[in-house]
Structures are given as C-alpha cells and as structure tokens.
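S.K.: Sequence:
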Amino acid sequence: EIMEWTIARDRWQLHLKTKGAYYNDWAAQLETLARTNNNSGAATAALAMRAVANLLERARIDRLTRNQHILFRLGELIAFAETAAVFADRAINDPSDALPFSPETLQVMSRIHARDAALKIAADGLRWAIGAGQSDPNLAGSLNLPAIYAAQAGLLEDMDFVGKKLVEAFPAE
112 EIMEWTIARD RWQLHLKTKG AYYNDWAAQL ETLARTNNNS GAATAALAMR AVANLLERAR
172 IDRLTRNQHI LFRLGELIAF AETAAVFADR AINDPSDALP FSPETLQVMS RIHARDAALK
232 IAADGLRWAI GAGQSDPNLA GSLNLPAIYA AQAGLLEDMD FVGKKLVEAF PAE
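Converting from the sequence shown to the working numbering requires adding 111 to each position, the first position being numbered 1.
Source of the hints: derived by calculation from the structure; they are not laboratory data.
Values in this document were obtained by computation on a predicted structure and should not be read as measured data.
No incorrect hints appear here.
Cut-off 30 angstroms, straight-line C-alpha distance, at most; resulting in silico cross-link-like pairs (BS3-like, lysine-lysine): (1) Lys276 to Lys231; (2) Lys130 to Lys231; (3) Lys128 to Lys231; (4) Lys231 to Lys275.
Put together the whole structure using the sequences plus the hints.
M.R.: Take a look at the structure:
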C-alpha cells in the first residue's frame, strides 16, 4: 500500500506537470530501442507505457483519482510499466553479471515481463477505469488491446526457455 501510494502520487504529479508527456516520451525511447534490437520486448514495454499514459490521462479528465483506491491501483500498474521498461532497456544495454543468466536469457525474461505488464495494465486499467465511471466509450481502443494481445505470441516458448535456464542455473540436489 505504501509503495502504491508513493508511486502513484509521484508519477501522477509527473503526468500532470508534463501534460501527459512523461510516459509517452518513455514509450518513444523504448520504440527507438525496439527498432535497434527488440529481443528484450522493448516494443511491448512501449505498449505498456502508452497504455499507462492513456489511463492516467483518462483518470485526469474524469477525475477518477478522487477515489484513493483508483490512485493505488494506478500506482500498481505504473510499477509494472516501469519495471518492464527498465528491464527491456537493461537486458540490451546493461545486462547484469550478478545473476547466473546470459544476456540472451535476461532478454527472454524481459520479454515475458513486458507481455505480462502490458496485459495487466490494459485489462486491470480498463476494469478500474470503467468501474470508477470513466466516460470514454473508446477507452479500450485507446489502450491498443489488439496489439497487446498480439504481443502475447511466443509467450509459452519463452517461458519454456526460461524454465530450462532456471533448472540449469539452480539444479535440484
């Protein structure tokens, strides 16, 4: 709850101060990364960022954050978007050597997380916005649900790959 409140409050202020540009700008950076190398799921993380930007703007227009629960839920969704974005970037540009995983494995893990984040943001965000009384009949369209669902392609293959790498890194004794 404290994390959700802190993230939501700080990022809500960033959204307002930048007139909605904060997450859209971050999404543009991820799209640039994806054009160079999308092995880390940067394009999917960008979808998550744009969905968060649209949800925050809808919350502003319809004053949905007057309900503290909505602000907390937005904080949760923001955390998913930001972790997906940072993971996608780091898996390509600065892979950690502190973990027993190759850069390739980290990129596959990042793709999995980006898919989960984008889907959670779109589905849960839509749920909470509609539940709070949002007024946009095309909110689902603005979240780009078809692209987010299309990004789920290859999920099981990636999960199988990571499962094998986890067993290799942490064998049962």
